[in-house]
Amino acid sequence: MIEVESLTKHRAGLPVLDAVSLRGVDGGVTVLVGPSGGGKSTLLRCLNGLETFEGGGITIAGHRLAVGPHSDVGLHELRRDVGMVFQQFNLFPHLSVLDNVMLAPRAVLKVPAEEARSRALDLLNRVGLGSFAAARPATLSGGQQQRVAIARALAMRPRVMLFDEPTSALDPSMTSEVLDVIMDLAKAGQTMVVVTHDHGFAKRAATLVVELVAGRVARQGRAEEIL
Amino acid sequence: MRHVIPRGVAVVAGGLIAVGVTLAADLDEVRRRGELVWAADQEGGGPHVFPDPADPRRITGFEVELADLVAGELGVKARFQQGQWDRLPLLLDQSADCVINGIELTPERRRDYGCSRPYFGYALQLLGRRGSPPATFADLTAAGPSGLWRVGVLTGSAAETELRSRAASGELHVEVIGYDGTLDSLEQVQSGVLDAAVMDDCIFTFYADRFAGLRTIDRPFAGGLYTVLTSKATPALVAAIDVALGRLIANGRLKSLYDRWDLAGRQQMLMLRDAAEIPPARRRSLGELVRQSVPLLLSSAGMTVLLSCAAFPLAIAVGLAVAIGRLHGPTWLRPLLTGYVEVLRGTPLMLQLYAIFFLLPKIGLALPALVAAILGLALNYSAYESEIYRAGLKAVPLGQFEAALSLGLTKWQALRHVLVPQAVRIVMPPVTSDFIALFKDTSVCSAITVIELTKRYSVLALSTGRIVELALVTAVLYLAMSWPLSLLSRWFEARLERTAGPTQ
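So the protein lines, in turn, are chains A and B.
Under my numbering, the first residue of the first sequence carries the number 1, and numbering increases by one thereafter.
Under my numbering, the first residue of the second sequence carries the number 1001, and numbering increases by one thereafter.
The following block holds chain B by itself, in its conformation from the complex (with noise of 0.2 Å):
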């Protein structure tokens, strides 16, 4: 059967890209599918959003009773979405109507986005390990032990933007490192990598129990307000919530709510009726746009160099050995590296990671991020390199082995002389081609906290709302940097052609 495209809907998506409408059902829409779809990170836990411990399949949290409720007072039912919490916004182009999940209110998001009447008051709290540096917030005013205090954050959380802006003006003697979950940052400081970590004191009360060498430090120093985020282009919907809240407060129904999770009922509605509007920022120029991104975009493309540079010799290096290791190595040798291989092929590099990042310091072994990133980068890329190895030395005629034994030359010489140098040419084109994979997979090492290009674009995009406009840049440098990479390939296949054809 031939699938076409109907013409309206050919239309429509040039129309999105050309303008930027986009395709999030208005409240009509969501009436008659009798389904509010709401996004969350069921990752981000609790309280807010988080797999329920009798049955994980299902999750919990308030703001999931929150959605039922709102759903309830537009008289449909909730659906949860998940989607990663740095790119929620993201799907309200896509499939959701809203998000309920710990969106803090900016004059940012009320420029961008949707945004709802508050309907949470949340306070930031600094988080350290008991019996250790800084002992009050304001220690962090002046130098730690080592220089810099070095505090995590989930990246894109008000925390981070509060602490970067502190950090900035001066303030505050701190190095911001964003982590992708919210727990890493409080798993790092208690196993001390870092000196400390700032989050929402109310996801801290949550899961005290669970890091109990932790301790707060002083009571909270900032605060502000979660609102519902929706598109723009639904501002029915977005007024509907706004009245389907007020009504929550009023009936006491939000207060119950809040108190059952034990979150200070009375407290939260008093700042929500005190809560004053913010106004919308100011949405910059194009060359105000260039001017500040491109910078910042750049010296991150210099990490993906970095990163690409000096992973991929090492996985060369690593994997050359164990693909000799594996054809011409001790037998007792080649299963543990046959085992070798499939480990590091078979398991998602960004769990290599994490284990690497996460896992070593719990044994005393604490890497910084970019020795991670690079070591973790070049041993999964070694079991590729390997393989491809492997095949380039059974490549090479058996011939040329017995030519070069026959000489008198060991195993080894033959295999330094001959057999590898002419498996290297051979396998010159997709070890090229493996190396511009591994150049674009540096984006996954945004998940220990190196912010490279894609981490960079990201985080930009969020912030400024020009995702279109920032991708176009972003894509323009990636294929400035590979390009040439292409070239030179190509080159050594030509050179090689040249020098080297068949023996016989």
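Excised from the complex, chain A in its bound form (with noise of 0.2 Å):
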């Protein structure tokens, strides 16, 4: 469900991804780690279309990124399926925490309210937030911010769920409930790819490990052979 091939690109005449190739895990976690300014974050924002890039591909749920600006159109098909959850949650600060996680469904698939309603107090509930769905975002703690923010991505149902840090901007204190949720998730079969530099959570949860350095593939293959 995820391929990348030789994938490069440049910031600034220097390589950020050095033909990177790998395949993620259908129904499986793709944890990508390795030092900071590895690429591991750009690889990412270039598997839902938030950057370009200038050599190689991408195959993501069935849709083909290439080289070059990519199509309004063809972004907004991908988006739908591709869900991404980012290290600062980027909750919409305006809207009730029920309103953000039933934006995209009523906007983007035209569901109708009730059912949107329906859907997504289903996932604040599962998130363990179904009685902050009046809250506005900025009440909440970060752990639960971050919780409403994978609520709000999954309320798409997408194929394949991107978490960029997911857990860095939290203390440590609240890590492991917003984990918690990531974990089910893994368990329940989502594919999923996770950029995170939390080596634990990579050997509880990972199918495959891929290590980025300076741009390139290090090693890859299962998290007791790499970490």
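To be clear, the hints were calculated from the coordinates, so they are not data collected in a lab.
Accuracy of the hints is not assured; some may be wrong.
[What the hints assert, rightly or not] List of simulated lysine to aspartate or glutamate pairs, EDC-like, C-alpha gap at most 20 Å:
1) B:K1411 / A:E51
2) B:K1232 / B:D1028
3) B:K1411 / A:D72
4) B:K1411 / A:E77
Given two chains presented individually in distinct reference frames, assemble the corresponding complex, making use of the accompanying hints.
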């Protein structure tokens, strides 16, 4: 479902990604590790078209991304099937928690209001935040906000979920509540790509670990081989 | 270096405010200075005072020559002081010794100012388009083809007073529309916006070649006399001017001046010789003043509210669209929108209103004054609003846009559901403050005949001479309107702070 072939990207003339190739695990968790600046987040952002690249190609959830500017229509289609969770949550501060989760199904999939609402409430219950539906994001803790962000991405029923350092912005006391949610998703067979520095989590969750160093795949294999 | 205001000046300034004495120099001071400062508006045009076509830095006109003659009789030089015509009398308390600029001698002026003996007799002339009604002055006593006849006049002129009183008494079926420029009404008759105009016949005679499509209708229907206006505080000066004028009439120099300007010198001299004395008007009590002026001021305040409340939502809508276009629109569109903003921000609102009101009719698009005013205000403010919204949109973190896109929203959906709602909250305080600014800028619309609060104030203040009292009433009305706006904006801000904190 995820295939990256010789992906090459430059920034200011320097290679950020240098002929990266990998194949994600269908129904499994692909974990990207490596030192800061190694290209993990850039690769992840290429996977849903937030970044363009100069060489190679990507196939993800049946969509194809090629070199050069992406077409708006193509990206729009791709992103319905590929969800993303950011390091900084990026919840919409002017909307309630429930409206954050309902917005995309209503606006993009044109799901009727009642159906979108019950689906959103189910997801919020699933991440343990059903009672916070009416709250504003700013009133939630970081861990709670990140769980809302996960519910928001899941509301589109994506075939692939991308996580960009989902616990890096959190106090250590809050990382487990977020990781537990991600682990639950993994057990349910959700195809995921996770960028993380948390080796403990990588060991527990990863089906495949890929180490990126200086824009190249240094090693890849099962967690116990790499970490 | 520290600037210290001398105590004497402060005391005099206090006295000024308290009892309304003036600083205008009396005759001795004029002689000591060696200059008679006379005020006029060169925009008022010929044949009175206008820029010399041969050298526009100089002014010329029969009143320029008259000022030189009068100053010569007083043994001093004449120095010109520019002012806006309908506010010239206010300069008497500031920088001018006298006003010589087609100021009609009226009972109210006799009461409020020092008026010299008349120096010129004027006649009010009705003007229309060739081949269009009205055909005679008498036609104005019945309704025109589309109701009231629309007749333009110079704001504050004898023509305006005369027509308004005849309209109020029911004698004439006319809607009187006041313009700030002497020739504005002629332009509007020529372009078909007005049915007719009324002005001093000598002005039309002077400019007739420029308005070949216009014609005089009947003989002049009313007339009056021009006076040299001075402050009541300078009785010696006005007496000296009277003596000077008497000598100029007796020695024939005034007649030959008028003959040189083709103003029928002999006829003028006969009129001046036989001019009857006009008694000063009675000063109204404060109670009377309030009873008569407050309803007028209130209705003009309503116009101020109407202008701002109609123009501002338009300005916001256009401004937001321009801001979005500049940030997210097609590449070819962006420089055009930048040009739009720069042109509208970089040129005065007054010019834009003039262009909409006076130039559009020339290409066949005549807008009613109210519509032109709302459109002008909306366009002008849309440029400012677009800059505010542009800043607001840029202030929303990029992560918000990326999060919306990654959920599958299109760029426009992301703008509509995520970026714009947040930008609107961010820019609420500057936008509210702009609304208050627009609210006060509505006063510029008087340039295109829309009478709002400030214009009503200046007309009333000049006609009654109660400048300070009416200024207080007007200021209270403005505050009563803008204060609630400030409260509203503070309430908005407080509400937004409660509902939308930072994301992280």
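Task: B:K1411 paired with A:E77 [C-alpha distance capped at 20 Å] - done: holds (13 Å)
- [ ] Decide if the proposed pair is consistent with the structure: B:K1411 and A:D72, CA atoms, cutoff 20 Å inclusive.
- [x] Answer holds: B:K1411 to A:D72 is near 8 Å, not above 20 Å.
- [ ] Verify the proposed pairing of B:K1232 with B:D1028, using a straight-line Cα cut of 20 Å.
- [x] Cα-Cα ~15 Å, so holds.
Open item on the list: Does A:E51 sit within 20 Å of B:K1411, going by the straight-line distance between their CA atoms?
Closed with: holds (15 Å)
Going down the numbered hints, you'll see the structure goes against none, and every one checks out.
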